[in-house]
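Participant: Residue numbers (this note's numbering), protein chains in the order written: chain A, 1 to 586; chain B, 587 to 767.
Don't take every hint at face value.
Cross-link-like lysine to aspartate or glutamate pairs, in silico, DMTMM-like; alpha carbons within 20 Å at most [stated by the list, open to error]:
1) A/K182 / B/E765
2) A/K184 / B/E706
3) A/K533 / A/D358
4) A/K182 / B/E706
5) A/K208 / B/E660
6) A/K184 / B/D643
7) B/K677 / B/D643
8) A/K531 / A/E566
9) A/K302 / B/E616
10) B/K603 / A/D295
11) A/K184 / B/E660
12) A/K369 / A/D346
13) A/K339 / B/E641
14) A/K182 / B/E641
15) B/K677 / A/D295
16) A/K255 / A/E414
17) A/K182 / B/E660
18) B/K696 / B/D680
19) A/K191 / B/D646
20) A/K302 / A/D346
21) A/K70 / A/E47
22) B/K603 / B/E706
23) B/K601 / A/E414
24) A/K184 / B/D720
Between beta-carbon pairs, the in silico distance windows are [what the hints assert, rightly or not]:
25) B/L719 / A/D320: 37 to 47 Å
26) B/I624 / A/L294: 22 to 32 Å
27) B/H723 / A/H183: 50 to 60 Å
For the record, the hints were derived by calculation from the structure and aren't laboratory data. The beta-carbon is built from N, C-alpha and C at its ideal position, and this holds for glycine as well.
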Amino acid sequence: MSGPQDPTGAEIVIRALKDHGVRHIFGYPGGAVLPIYDALFQDEGIEHILVRHEQGATHAAEGYARSTGKPGVVLVTSGPGATNAVTGLTDALMDSIPLVCITGQVPTHLIGMDAFQEADTVGITRPCTKHNWLVRDVRDLPRIMHEAFYIATTGRPGPVVIDIPKDVQFKRAPYVGPSNIKHKTYQPRVKGDLKKIEQAVEMIAAAKRPVFYTGGGVINSGPLATQLLREFVRTTGYPITSTLMGLGAYPASDKQWLGMLGMHGTYEANLAMHGCDLMIAIGSRFDDRVTGRLDAFSPNSKKIHVDIDPSSINKNVRADVGIVGDCAFVLEDMIRLWKAKQLKPDRSALSAWNMQIDGWRARNCLAYKQSTDVIKPQYAIERLYELTKGRDTYISTEVGQHQMWAAQFYRFEEPKRWMTSGGLGTMGYGLPAAVGIQVAHPGSLVIDIAGEASVQMTMQEISTAVQFDLPIKIFILNNRYMGMVRQWQQLLHGGRYSHSYSEALPDFVKLAEAYGAVGIRATKPDELDDKIKDMISVNRPVLFDCVVDQNENCFPMIPSGAAHNEMILGDAANDPAVTEAGKVMV
Amino acid sequence: MSKQPGSAYFLVDTKAKEIRTTLSVLVDNEAGVLARVIGLFSGRGYNIESLTVAEVDHLDHTSRITIVTSGTPEVLEQIRHQLERLVPVHKVVDLSTETPGIEREMALIKVAGAGEKRVEAMRLSEVFRARILDTTHSSFVFELTGSQQKIDAFVDLMKPLGLVEVSRTGVVAISRGAEAM
Ligand SMILES: Cc1ncc(C[n+]2csc(CCOP(=O)(O)OP(=O)(O)O)c2C)c(N)n1
Ligand SMILES: [Mg+2]
Numbered sequence: 001m002s003g004p005q006d007p008t009g010a011e012i013v014i015r016a017l018k019d020h021g022v023r024h025i026f027g028y029p030g031g032a033v034l035p036i037y038d039a040l041f042q043d044e045g046i047e048h049i050l051v052r053h054e055q056g057a058t059h060a061a062e063g064y065a066r067s068t069g070k071p072g073v074v075l076v077t078s079g080p081g082a083t084n085a086v087t088g089l090t091d092a093l094m095d096s097i098p099l100v101c102i103t104g105q106v107p108t109h110l111i112g113m114d115a116f117q118e119a120d121t122v123g124i125t126r127p128c129t130k131h132n133w134l135v136r137d138v139r140d141l142p143r144i145m146h147e148a149f150y151i152a153t154t155g156r157p158g159p160v161v162i163d164i165p166k167d168v169q170f171k172r173a174p175y176v177g178p179s180n181i182k183h184k185t186y187q188p189r190v191k192g193d194l195k196k197i198e199q200a201v202e203m204i205a206a207a208k209r210p211v212f213y214t215g216g217g218v219i220n221s222g223p224l225a226t227q228l229l230r231e232f233v234r235t236t237g238y239p240i241t242s243t244l245m246g247l248g249a250y251p252a253s254d255k256q257w258l259g260m261l262g263m264h265g266t267y268e269a270n271l272a273m274h275g276c277d278l279m280i281a282i283g284s285r286f287d288d289r290v291t292g293r294l295d296a297f298s299p300n301s302k303k304i305h306v307d308i309d310p311s312s313i314n315k316n317v318r319a320d321v322g323i324v325g326d327c328a329f330v331l332e333d334m335i336r337l338w339k340a341k342q343l344k345p346d347r348s349a350l351s352a353w354n355m356q357i358d359g360w361r362a363r364n365c366l367a368y369k370q371s372t373d374v375i376k377p378q379y380a381i382e383r384l385y386e387l388t389k390g391r392d393t394y395i396s397t398e399v400g401q402h403q404m405w406a407a408q409f410y411r412f413e414e415p416k417r418w419m420t421s422g423g424l425g426t427m428g429y430g431l432p433a434a435v436g437i438q439v440a441h442p443g444s445l446v447i448d449i450a451g452e453a454s455v456q457m458t459m460q461e462i463s464t465a466v467q468f469d470l471p472i473k474i475f476i477l478n479n480r481y482m483g484m485v486r487q488w489q490q491l492l493h494g495g496r497y498s499h500s501y502s503e504a505l506p507d508f509v510k511l512a513e514a515y516g517a518v519g520i521r522a523t524k525p526d527e528l529d530d531k532i533k534d535m536i537s538v539n540r541p542v543l544f545d546c547v548v549d550q551n552e553n554c555f556p557m558i559p560s561g562a563a564h565n566e567m568i569l570g571d572a573a574n575d576p577a578v579t580e581a582g583k584v585m586v
Numbered sequence: 587m588s589k590q591p592g593s594a595y596f597l598v599d600t601k602a603k604e605i606r607t608t609l610s611v612l613v614d615n616e617a618g619v620l621a622r623v624i625g626l627f628s629g630r631g632y633n634i635e636s637l638t639v640a641e642v643d644h645l646d647h648t649s650r651i652t653i654v655t656s657g658t659p660e661v662l663e664q665i666r667h668q669l670e671r672l673v674p675v676h677k678v679v680d681l682s683t684e685t686p687g688i689e690r691e692m693a694l695i696k697v698a699g700a701g702e703k704r705v706e707a708m709r710l711s712e713v714f715r716a717r718i719l720d721t722t723h724s725s726f727v728f729e730l731t732g733s734q735q736k737i738d739a740f741v742d743l744m745k746p747l748g749l750v751e752v753s754r755t756g757v758v759a760i761s762r763g764a765e766a767m
């Protein structure tokens, strides 16, 4: 069947990657993947980014994927290489990010023998991938490689793992190209049911207090979905909010934009969700950080839910009309039917609804007390936004208060500019994600808005950035606390600050220098602008230690399990009543 | 939902009514497919009351998995969609609510004893139409096919008569009428 002229398994991997247009891979070598590294060495077409920890490779690939719309590719060795990748795979599964992760495995005859660096990789990664394969026969490898890309990138995207034993990497088999990949059982549905779409547009036209609630699915679907969403939202004139993952699909500067919703969403977005009579959910999944207490979630509304994943519909919240399909296809049909039926929104109802919303906006829920001697974290993000907004900028974040402030105060006008760990909430995501984004967009400004605790989880990837001349900017809101943990302890655990203080912090400026990067520190509000400008103008990786108010809390906040109208606002917001209610809850 | 004293946490205690259902799942018989199905149930906290699996088409390499599960109607809908999301799954049919189905289970039941008890076990096995697969002077192995309840009833009757052990296949099911699943 196979002859000496056929490629080896390792060569098949490289050929398949190239056939799928892969230009960059993120990886770390080891015994069980050496044949693939050898094939990589002898090949010119693919650039390998050597990370410092396999978790970093997965997050870098996520950043790469989300900022480009292309799959991110990871290459790691067996055993510890594979287990280190698990966090990133889980993160990608939760946030629907296409990753193809190739893991080396011990030779087939050693599987099950507790061989050196053996781990049951397909077993371990089964629940954190969309699908995975152990390749036992090199003849299956071309097909599996192509299937892997197909499954990772279509339907609801997600991570896949291909586990390749070392002997399979050496064996030879004919290579078969990726033309017309079809799968027996996996056939995602992209077109929505027209009858339901028709029913939906009629409900949309008849609504008195409608709101669009969109999510990461719109961004995953691609630029067309974003364009159609904008068109439809403007045609109807209805207000729109989005999840953390959906930011940028609709421009933050637009007057119909309500800001983000959910646990740290705006007052107007959450109250519009609570008080609406029609919710139009597109590519969003009613996550508990969005809905709050389920039995009090938007009690008087009908819900239309568009999602590519049938299991998302009716999972947490019952949809009155559930439409399975790709957002772009469904939106296209919605717009077409809206026009064909010459539907019009109810203008007078809409203006009453907008007035009510304006009342909520007037509470100015994001207001905070400014200070002249300490940098307020919100102010730092506001300045960062003002000083970078005209540029070609990509933002990633770690997880915590800084992440929520970034979502609230950095304003996104375009999709794929905002990379954050939403579903899994992985501290340590942002720095390696920035590495991946910068690899994909060498000329752009890439900033990781970080916390001093999170950034230490994957700090070593700054070394990757230095090695590959990736001028990423790590903007640390250093509050010397695991701020989000401290906030919960203050509000929900009687102020008992159990292990949330960031002890023994490194000197981030010296740390940057030790890595061969640039360190900058700002401690006073009046020096912030100049230092941010310095950061932007350096064409090297920067660790920016922005020393901020230690005790600032992130508001608004809906405590876990509370309802949308039980929001706690900050003292600076114009709403004494709710603040009192908030105090009662503590 | 209840509110814990002195805190803003809400703890959910749901006691919604659960129903039992039988699912037929047609899958590609590839390595790990059963682990995917079982992992899905344990990972998402779904119940498995019974699960059977065997290859049903040796050319196409498809297997049929029959799962008896229980949950609220919402959970049962989720189970179905989550199963359909697994890549090697061809089709999922609910044989309790969607299309009427027939269910059977087989059991092998070992009973040991002498005298009156032995005669009584033998007599009851005839009532239940069990077959005797193995006999010694002091024991029987019965084969019994039927609904889960029928097997439960027989096993209960055997307990005072010298029940030694039971081996059950779990439920297999198929829809009524001319159509395939
Ligand atoms: C890997 C991981 N471990 C623990 C947590 C729980 N957690 C959420 S936010 C947070 C604190 C983050 O602190 P920091 O990075 O300094 O951000 P801040 O909230 O202070 O802005 C922790 C520990 C998490 N999200 N991820
Ligand atoms: Mg912090």
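Participant: Give a verdict on every hint.
Facilitator: Each hint tested on the structure:
1. A/K182 / B/E765: 27 Å, violated
2. A/K184 / B/E706: 54 Å, violated
3. A/K533 / A/D358: 35 Å, violated
4. A/K182 / B/E706: Violated, at about 61 Å.
5. A/K208 / B/E660: 29 Å, violated
6. A/K184 / B/D643: 15 Å, holds
7. B/K677 / B/D643: Between B/K677 and B/D643 the Cα gap is close to 15 Å, so the pair holds against 20 Å.
8. A/K531 / A/E566: 39 Å, violated
9. A/K302 / B/E616: Outside the cut-off at roughly 43 Å; violated.
10. B/K603 / A/D295: Given that 20 Å is the threshold and the Cα spacing comes to 17 Å, the pair holds.
11. A/K184 / B/E660: 29 Å, violated
12. A/K369 / A/D346: 40 Å, violated
13. A/K339 / B/E641: 52 Å, violated
14. A/K182 / B/E641: 23 Å, violated
15. B/K677 / A/D295: 33 Å, violated
16. A/K255 / A/E414: Between A/K255 and A/E414 the Cα gap is close to 15 Å, so the pair holds against 20 Å.
17. A/K182 / B/E660: Answer violated: A/K182 to B/E660 is near 32 Å, above 20 Å.
18. B/K696 / B/D680: 33 Å, violated
19. A/K191 / B/D646: Measuring from Cα to Cα gives roughly 29 Å; hence the hint is violated.
20. A/K302 / A/D346: Cα-Cα ~17 Å, so holds.
21. A/K70 / A/E47: Judged against 20 Å, a Cα distance of about 15 Å means the pair holds.
22. B/K603 / B/E706: At roughly 40 Å apart (the allowed maximum being 20 Å), B/E706 and B/K603 break the hint.
23. B/K601 / A/E414: 45 Å, violated
24. A/K184 / B/D720: 45 Å, violated
25. B/L719 / A/D320: 37 to 47 Å: Cβ of B/L719 to Cβ of A/D320: about 56 Å, so the range 37 to 47 Å is violated.
26. B/I624 / A/L294: 22 to 32 Å: 28 Å, holds
27. B/H723 / A/H183: 50 to 60 Å: 59 Å, holds
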